[in-house]
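A.B. asks: Protein chains in written order, with this note's numbering: chain A, 1 to 237; chain B, 1 to 292; chain C, 1 to 337.
Just so you know, the hints here were simulated from the structure itself, not pulled from any lab data. A portion of the hints provided could be inaccurate.
To be verified - Computed cross-link-like contacts, DSS-like style, restricted to lysine-lysine with a CA-CA straight-line distance of at most 25 Å: (1) C/Lys-164 with C/Lys-44; (2) C/Lys-299 with B/Lys-118; (3) A/Lys-187 with A/Lys-177; (4) C/Lys-152 with B/Lys-264.
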Amino acid sequence: MTAMLNVKDLRAFYGQVQALHGLNFSLNEGSLTTLLGANGAGKTTTLRAICNMVRSTGAVEFQGAALLGRSTENIVRLGIAHVPQGRGTFTAMTVEENLQLGAITRRDRSGIVADIERMYDHFPVLKQRHTQQAGTLSGGEQQMLAVARALMLRPRLMLLDEPSFGLAPLIVRDLFKILGKINREDKVTILVVEQNAQLALEIADRAYVIETGRIVMSGNANEIADNEDVRKSYLGY
Amino acid sequence: MELFANQVLAGIATGAIYACMALAVVMIYQAIDHLNFAQGEMAMFSTFISWQLMQWGVPYWLAFVLTLGFSFVAGIAIERVLFKPLAKAPILTNVAGFIALYSIINSCAGLIWDFTIKQYPTPFGSAPFLGSQLISTHQAGMIGITLLMLLGLFFFFRYTRIGLAMRAAASVPESARLVGINTSWMIALGWGMAAAIGSVAGMMIAPVVFLEPNMMLGVLIYGFAAAVLGGLTSPFGAVIGGFLVGIFENLVGTYIPGVGNELKLPIALALIITVLVVKPAGLFGRPIVKRV
Amino acid sequence: MSAAEEIVAEGQAVEAVPKRAMTLGTGTSLVVLAVLLLVPLVVKNFIIFQMTMLLIYGVAVLALNILTGGSGQFSLGQSAFYAIGAYTSAILMETFNVNYALTLPVAGIICFGAGFLFGQPALRLSGVYLALATFALATAMPQLLKLGYFEKWTGGVQGLVVEKPDAPFGLPIGQDMWLYYFTLAITIAIYVASINLLRSRSGRAFMAIRDNEIAASAMGINVALYKTLAFGVSAGITGVAGGLGAIAVQFVAPDSFTITLAIQLFLGMVVGGVGWLPGSIVGAAFIIFVPNIAEGVSKGLSGAVFGVLLFLVIFLVPHGARQVAMVAQQLVGKLKK
């Protein structure tokens with residue numbers, strides 16, 4: 001199985017403060033991986049470093065292409081969609097415009113129109129609100145919009161930063177079900193960063209646990225979920 | 001009552017100048033979230049270029065189009081060379097940059113074309129419009145061109161991909177990058193468009209105020225005021241604002257005694273500020289909820 | 001005005017200057033003071049006059065630093081307060097024969113009042129909107145000064161001539177030199193008072209408002225009071241500078257106080273380093289001397305040369321003289337090791 005994303009000795013810095021101390025991990029094509037850890041462990045920083053949104057050193061390779069020298073928008077154009085923390089919704093624009101923006105780098109008009117319809121199938125509530133200003137949607141709806149927007153890129157790799165944040169448990173379950181579906185049916189490799197470890201481990205194949213900028217544990221998701229010591233020490237349950 | 005109606009009409013006619021300028025102001029605001037003090041000078045310089053072309057025998061509309069193209073490219077060039085390096089600098093430093101640009105352009109124009117007033121032609125003639133003593137054909141033409149630009153901008157932002165991308169880059173730059181938009185180039189494009197629109201404003205205004213390097217100062221201030229009054233996020237508001245400023249100015253001159261030309265500007269500004277105090281986002285601007 | 005309806009200012013337009021970086025180190029301060037004290041003893045009168053103007057503009061820029069760098073309110077209208085101060089002094093001296101020194105506190109108080117009053121409607125404005133409002137004030141001022149109604153006091157378009165004072169107690173110093181040291185004393189007093197103001201509770205309130213107005217108000221800071229206070233203090237100091245300016249130049253006229261002055265003071269603030277009080281004098285030096293240099297380089301293109309020099313400065317040190325001082329400090333630190 002080929003590695004879609006290869007991260008070697010990734011270090012990231014916010015000004016003088018070092019947030020990541022040499023991460024090493026890789027994602028296999030078609031896998032759904034979760035990156036777990038407590039607040040401030042460096043999960044968000046890892047995703048941001050992959051997209052060159054924070055000063056980093058080391059090597060990040062996506063399907064053979066080196067990422068760290070490229071601008072964020074060029075990294076995205078390689079096929080990596082990043083759903084940031086807080087969703088990053090274009091609040092002043094309509095739901096449909098948000099989806100169109102997801103596909104702004106694509107040229108295939110009819111494909112884009114078809115994909116928008118598919119998003120409405122995945123997330124019917126978006127269809128209901130498609131002419132509404134995105135800022136008026138609820139948290140859960142904005143999260144769905146953010147995921148849909150990311151999918152409009154037809155990405156090979158999707159990065160999600162704490163998609164469960166601030167959402168009611170039932171909505172999170174639905175969301176994760178959809179993520180699983182996208183991973184299996186659309187063959188999108190997914191890396192999801194989560195604080196809600198239990199749910200993430202239910203849908204993931206592999207898991208990494210990060211603590212203060214270092215990976216302290218890695219393995220198959222169900223092994224980690226079954227390992228009570230790991231759960232208690234690192235995941236809080 | 002007839003005097004009032006006449007003054008309003010006349011105000012709309014002069015207001016077309018401000019509406020035109022205000023469109024350019026809003027355009028740049030959309031791109032860089034700030035007002036560019038040098039925009040008037042850029043418009044003035046473009047107008048001089050068009051004048052020079054006509055001096056060399058180029059017919060009006062060809063000179064117009066060439067100047068539009070030149071201004072677009074020049075706007076992008078100025079942004080890339082002078083303001084991209086300042087992108088990470090504080091806003092106030094950027095403002096100092098605008099002031100420096102103003103100084104440079106004004107000085108160069110003065111050297112190249114000197115400060116004597118020049119006549120500038122209008123393609124619309126200056127006969128009374130439809131027999132009215134208050135609006136000339138040129139002013140009507142100016143209003144027409146302004147409305148056309150407004151329409152063009154509306155379609156551009158609403159219905160084109162690049163217009164959507166520009167709006168996205170201006171509103172949430174980080175998310176724009178995350179969908180693959182090169183936000184840096186969107187800013188450059190905004191400058192180019194603002195420069196082009198400004199050049200149209202200059203070429204429309206010059207027949208009225210006569211061509212000389214300091215012709216745009218008053219116009220720019222009124223243009224700012226109009227844009228702010230209309231709401232900086234709304235091109236439509238900018239145009240309405242422009243007409244309103246023209247009307248204010250005329251009414252103030254007519255009805256408030258002892259007000260000569262010099263006091264018109266501060267009074268108009270004072271009125272606008274009063275409106276702002278009541279409606280801080282301007283008449284058509286979208287008040288943004290501030291998140292802590 | 002509920003927090004939810006407030007209009008967003010453009011992010012954080014003014015960045016914070018950390019407390020310990022707020023002044024020059026003791027050593028540097030003493031050196032600067034020595035220079036300021038001793039140089040006038042060895043130079044010609046005209047240079048002394050220029051140094052006096054340097055101090056005066058430095059005080060005006062300092063006032064703007066308190067307003068913008070301290071409380072985050074963007075003002076392009078300082079020339080209006082400078083004008084009010086200048087005319088107050090001139091009128092008091094020429095029409096009412098008040099001693100020049102006494103006119104300054106009066107100018108300061110009147111301008112404080114003017115600034116405080118202006119700060120009220122300005123409360124609802126911020127960012128570009130406030131800039132426009134202050135701009136309106138600055139453009140209005142020369143016109144107001146020319147108005148017929150006030151002519152018998154202001155001298156209308158021609159303005160007023162002011163008599164330069166002699167040194168007191170019959171001291172054997174020339175007028176220029178006496179005025180210089182008088183101005184220097186006032187400058188130092190204002191500088192020290194301003195540093196203390198920014199370090200005090202009020203100063204912290206200003207800076208809290210600058211950094212995050214909603215949070216400040218949520219913490220119980222009376223935002224309205226402090227914002228208008230900042231305007232008042234800044235205007236008052238500018239008024240004192242204006243008064244000194246009137247005495248030094250010996251002349252006040254409406255067209256001396258146009259928007260150009262306001263823009264120059266703004267540039268002085270940026271070049272000196274926004275919010276960094278010691279930089280005010282560097283900024284003042286820039287706005288006094290660089291235009292002369294530009295004209296020396298090319299009479300016809302003096303504006304362009306000025307613009308180019310200004311660009312050079314902001315490209316090299318976007319944060320103004322403060323940046324230079326910080327770099328110098330780091331170098332000195334490295335040398336010490």
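A.B. asks: Against each hint, give a clear statement of whether it holds in the structure.
C.D. replies: Structure-based check of all given hints:
A threshold of 25 Å between alpha carbons decides the hint, and for C/Lys-164 with C/Lys-44 the separation of about 18 Å falls inside it, so the pair holds. Between C/Lys-299 and B/Lys-118 the CA atoms are separated by roughly 23 Å; this keeps the pair inside 25 Å, and the hint holds. For the proposed pair A/Lys-187 and A/Lys-177, the alpha carbon gap of about 15 Å is at most 25 Å, so the pair holds. Distance hint between C/Lys-152 and B/Lys-264 is fulfilled; the C-alpha atoms sit about 23 Å from each other, no more than 25 Å.
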